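Read top to bottom, the protein sequences are chains A and B. Mapping of the first sequence onto numbering that gives the first Met the number 0: position 184 corresponds to residue 183, and the numbering continues sequentially without gaps. Mapping of the second sequence onto numbering that gives the first Met the number 0: position 47 corresponds to residue 46, and the numbering continues sequentially without gaps.
Just so you know, these hints were derived from the structure itself, not from any lab. Nothing here was measured: the structure is a model prediction, and the numbers come from that model. It is possible that some hints are incorrect.
Partial pick of chain A residues on the chain B-facing surface, computed with a CB cut under 10 angstroms [stated by the list, open to error]:
1. Asp-117
2. Ile-173
3. Lys-177
4. Val-185
5. Arg-208
6. His-214
7. Arg-218
8. Ile-247
Here a beta-carbon is modelled for each residue, glycine too, at the ideal position from N, C-alpha and C.
2 protein chains.
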Amino acid sequence: MTEQLNVQQMAERLCAADNILILCHKNPDGDTIGCGSALCHALKALGKTAAVLCSDAVPSRYSFTAPVPFRGEFEPKTVVAVDVASVQLFGENNGMPQYTRHIDLCIDHHTGNSGYADFTLLDGNAAAAAELLYEVISEMGVEITPLIANCLYTGLATDTGCFRFSSTTANTHIVAAKLILAGAQVEELNTLLFDTKPRERMEAERIARNHLEYHLEGRCALMYLTRDEIEQSGVDPADLEELTSLPISIEGVKVGLLLRQQPGGSYRISVRAAKGVDACAIARRLGGGGHTRAAGCELLGNLDNAKSAILAEVEAELDRPETQEES
Amino acid sequence: MTEQLNVQQMAERLCAADNILILCHKNPDGDTIGCGSALCHALKALGKTAAVLCSDAVPSRYSFTAPVPFRGEFEPKTVVAVDVASVQLFGENNGMPQYTRHIDLCIDHHTGNSGYADFTLLDGNAAAAAELLYEVISEMGVEITPLIANCLYTGLATDTGCFRFSSTTANTHIVAAKLILAGAQVEELNTLLFDTKPRERMEAERIARNHLEYHLEGRCALMYLTRDEIEQSGVDPADLEELTSLPISIEGVKVGLLLRQQPGGSYRISVRAAKGVDACAIARRLGGGGHTRAAGCELLGNLDNAKSAILAEVEAELDRPETQEES
């Protein structure tokens, strides 16, 4: 059982610690890396020894956050996880397993946080862990430098699709304003984070858009990419994540599907649903899971099989009387 | 010569007025419509007679702002323009010309405002006219209702690409936070404004992406749409505006071009430039104009001619010694 802390208590524990190892989640995104880097810079500003460990390589677009990578230079006395909902998300590479047996502190915004740390600061209303960490670093008495502001803005902006997602609250905007006043370079950051796509990503999107299909009287839109197409485009598979929101963005579409063939041949299906439709219910019937608006599953067999299996479940969900009423 | 007012003086003049006609600019966007509607609702809350006039139809996506359309029900005693930089932008339809001979008040955020009104409230640092109008309505002592908040949020979000453009400041985020606290339904609005694309728009984008070309060692990316393709896709030409930012979003690209063939056969060319490159200089040499980062021109002749003419100017600009140093 973890003990819940408030912002002030978490700040006190961090101020009292030294030789601090900060852990990010695997397949790192802007929030976990932005938080890891910001906390590391803040602890170093207090004269402490600190470094960041992640099971996977930090994507190059986040390298400006300048996390100090942990290479065993010190014996960690305090281990703190940022933006990590459960121990499974730490990953297995870079020597990670030897540091995840005991986690002292956790700062997170996932309501489903499993409570694996001794002490946890959890705020499910925060749109990003960075929104919460901003309060912690301020409470620690550390000046928010332009570099720390850039790190926290990266977490805030990437986790909210640049303030577009429903998780965005008044407080998210207030923290963004404070980070800009502290020197966050939002023009450069927004260009880097949202308006810089590799050529390979453009090519993969071109192919996927050529595969756009409408089903169920236009209530469902579907795109797909075969393994060969993904390989030939040269795209980094992580860069395909954004395409999951394309089919649902079409007028009149209630369920958007993206089918990506995996290296083993199976199809990974991302399900996105409009308000009033349950994406998770669709994915769950095929052995998957997720949230109401965004869920996923993986199906063996060829493309036609995968399509008909998922479309049957989409139809069942859309034709439920409850869905009809809500949507 | 116009007289410049501050927020308080503009609020006083509006509070003293009655039978107020609010004018929006032609080809209306979210900012001019959001401001027109918000100001109209605010004036009506004070018991005044007010209505909104626009030369072109209000796009259906903004109909929720519920502007009260002017149909000559009253004799306007005060005419106020919102988000209109010059008299040319009023347009000629819907009986507009008879009301633009004398403009009493103007609320705007375009630094190039021509000063056509008797009294002007101008703030070039505001990311949207809505950012400024929020202060005016607050100063008028009118409660920011959820409807007014929705209208102002629409202006703020659409003019900043949902807080992505370089015009976004700390104050933009602070106003967004206040509007959310006042009841703006940002989840629904963001879905409507940014994540709802007509099928026809998807089809036109698919075709444009299939026409992607790289030139000048990848420093220039170009897309085009012929008149026939635009017609066959069925897209509303206004919905193609967003595509202008696609080519420049590709990694390594310094100049992005979108060529759209017009009904008359000529090619309208939108030029977008990365930091350190002057899009306006490129467009100006072909008889066009605009801003440093976004400019345009129109060329007669066929596609190949239009391409070679614009690419020659792009090359000249990219090879200028100053550009080489800056970029």
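The hints, checked one at a time:
Among the interface hints, the one on Asp-117 (chain A) is violated; its C-beta lies about 34 angstroms from the nearest C-beta in chain B, farther than the 10 angstroms criterion. Given hint, Ile-173 (chain A) at the interface with chain B, holds; its Cβ is 5 angstroms from that chain's nearest Cβ, closer than 10 angstroms. A least Cβ separation of about 8 angstroms between Lys-177 (chain A) and chain B falls short of the 10 angstroms threshold, and the interface hint therefore holds. Given the 10 angstroms rule on beta carbons, the hint for Val-185 (chain A) holds: about 6 angstroms separates it from the nearest Cβ of chain B.
Using the Cβ-Cβ criterion of 10 angstroms, the hint placing Arg-208 (chain A) at the interface with chain B is satisfied: the shortest such distance is roughly 5 angstroms. Against a cut-off of 10 angstroms between C-beta atoms, the interface hint on His-214 (chain A) is violated, since the closest Cβ of chain B lies about 13 angstroms away. For the restraint placing Arg-218 (chain A) at the interface with chain B, the shortest Cβ-Cβ distance is roughly 13 angstroms, beyond the 10 angstroms limit, so the hint is violated. Annotation: interface hint on Ile-247 (chain A) holds; nearest CB of chain B at approximately 7 angstroms, less than 10 angstroms.
In terms of the numbered hints stated before, the structure departs from hints 1, 6, 7, listed from lowest to highest.
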